[in-house]
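A.B. asks: Model the full structure from these sequences, guided by the hints.
Chains A and B are the protein sequences, given in the same order. Residue 17 is where the first sequence starts when you use my numbering, and the numbers rise one by one after that. Residue 4 is where the second sequence starts when you use my numbering, and the numbers rise one by one after that.
Hint data in this document are derived by calculation from the structure and do not stem from the laboratory.
Heads up, incomplete: computed chain B residues facing chain A, CB under 10 Å, no partners named:
#: 1; residue: Glu42
#: 2; residue: Arg44
#: 3; residue: Glu108
#: 4; residue: Tyr323
#: 5; residue: His327
Treat the numbers as computed from the prediction; the structure is a model and nothing was measured. C-beta: ideal position from N, C-alpha, C; glycine also.
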Amino acid sequence: MWEVFIRARRGLSHQHVGSLHAPDAEMALRNARDVYTRRGEGVSIWIVPSSAITASSPDEKDPFFDPAMDKAYRHPTFYDVPEGVSHL
Amino acid sequence: MYGNVDGIESSDEGALPAGVEAALQELFDQLIADDQRIEPRDWMPDGYRKTLIRQIAQHAHSEIIGMQPEGNWITRAPSLRRKAILLAKVQDEAGHGLYLYSAAETLGVDREDLLDLLHSGKQKYSSIFNYPTLSWADMGAIGWLVDGAAIMNQVPLCRCSYGPYGRAMVRICKEESFHQRQGFEILFTLSHGTPAQHAMAQDAVNRFWWPALMMFGPPDTDSPNSEQSTAWGIKRFSNDELRQRFVDMCVSQAEALGLTLPDPDLQWNSERQHHDFGAIDWAELTRVIKGDGPCNAQRMARRVSAHEDGRWVREAAQAYAAKHRAGKVPAGAAA
Chain A
17 MWEVFIRARR
27 GLSHQHVGSL
37 HAPDAEMALR
47 NARDVYTRRG
57 EGVSIWIVPS
67 SAITASSPDE
77 KDPFFDPAMD
87 KAYRHPTFYD
97 VPEGVSHL
Chain B
4 MYGNVDGIES
14 SDEGALPAGV
24 EAALQELFDQ
34 LIADDQRIEP
44 RDWMPDGYRK
54 TLIRQIAQHA
64 HSEIIGMQPE
74 GNWITRAPSL
84 RRKAILLAKV
94 QDEAGHGLYL
104 YSAAETLGVD
114 REDLLDLLHS
124 GKQKYSSIFN
134 YPTLSWADMG
144 AIGWLVDGAA
154 IMNQVPLCRC
164 SYGPYGRAMV
174 RICKEESFHQ
184 RQGFEILFTL
194 SHGTPAQHAM
204 AQDAVNRFWW
214 PALMMFGPPD
224 TDSPNSEQST
234 AWGIKRFSND
244 ELRQRFVDMC
254 VSQAEALGLT
264 LPDPDLQWNS
274 ERQHHDFGAI
284 DWAELTRVIK
294 GDGPCNAQRM
304 ARRVSAHEDG
314 RWVREAAQAY
324 AAKHRAGKVP
334 AGAAA
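C.D. replies: Here's what the structure looks like:
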């Protein structure tokens with residue numbers, strides 16, 4: 017089984033659109049073209065064996081992403097900019 | 004809408020401690036209450052998983068079986084343009100089936116097993132596809148009424164609580180609208196053609212109108228799964244509500260087509276602000292779902308033989324891939 021990623025047009029990144037079954041990479045690519053781009057939805061296709069994808073666990077979502085949650089200072093809105101100062 | 008037959012058993016998961024499961028259930032309930040999406044590998048109640056597997060699989064089966072009544076007329080399309088368009092439509096149906104099998108597989112089932120369930124009759128497909136296509140005008144009636152009814156049902160499903168199913172529906176709805184227009188155009192052309200063409204179009208509509216209304220499923224009072232599906236955010240509107248919307252939509256479209264709908268009781272009710280329509284023969288729907296429709300046997304036989312006859316192609320592709328993986332053939336050489 018393969019996961020399919022399509023770049024819609026130049027300037028965009030590949031997006032996951034779904035999966036399909038195929039015996040090898042070449043057939044997977046052709047099948048991906050036939051299944052997912054019948055209306056010119058893509059200029060570039062990546063196919064990845066589903067087994068090659070390592071996913072973060074939904075159960076551990078909170079502790080896994082926790083370190084980022086209390087660091088508001090990573091966001092520009094955290095900082096006060098004096099009035100009249102531009103390009104900051 | 005796609006039948007009440009139970010699907011496959013979900014795989015046995017190790018039993019969780021009671022406290023943990025209750026907490027997960029609460030999280031799940033909160034996500035549903037907040038109209039958020041459930042994604043693959045999220046914890047979900049067993050019943051939710053099972054019902055989605057059954058619904059998505061039967062939806063996928065419907066797309067694949069649905070290729071047959073229209074595939075029937077590809078070789079007899081009246082013009083090259085119509086043939087190319089019909090080919091594209093049938094191709095789309097195959098594609099829709101594939102999107103849906105992919106969505107079902109995110110729930111932990113294998114499409115091989117789903118196909119086995121279809122072929123053995125343990126999972127169903129939409130009853131509308133058990134009717135024959137007797138003339139070219141049926142292509143118009145199917146596009147206008149059957150795809151029209153499908154769109155009416157599928158647009159709300161774009162907001163289904165299960166992420167992959169909702170996203171597949173967004174793709175499908177985008178493609179489905181050409182199907183409906185294609186059907187409308189066929190009927191419009193025939194209706195405004197010769198008297199014989201007009202009669203052919205009217206006959207097709209007469210045969211497909213009531214089966215199209217049945218596509219929305221049994222009346223709400225007779226639909227035991229609806230309550231739970233609604234509570235889980237899978238079903239957004241009731242069968243009767245969608246059916247009523249469909250009738251209202253078709254009345255003005257039928258006028259534009261210059262065709263009548265075969266229902267003497269169809270009339271505008273200014274109190275309800277909807278069209279009243281005649282009684283549906285639910286016994287017919289039950290019969291057809293149970294396997295006693297005009298084409299049930301033919302559809303299944305065709306489907307099974309296509310699968311069996313195509314086995315050598317799948318095996319050849321696998322053998323070719325295996326041969327190349329093992330490095331037995333130099334790159335670029337013929338197999």
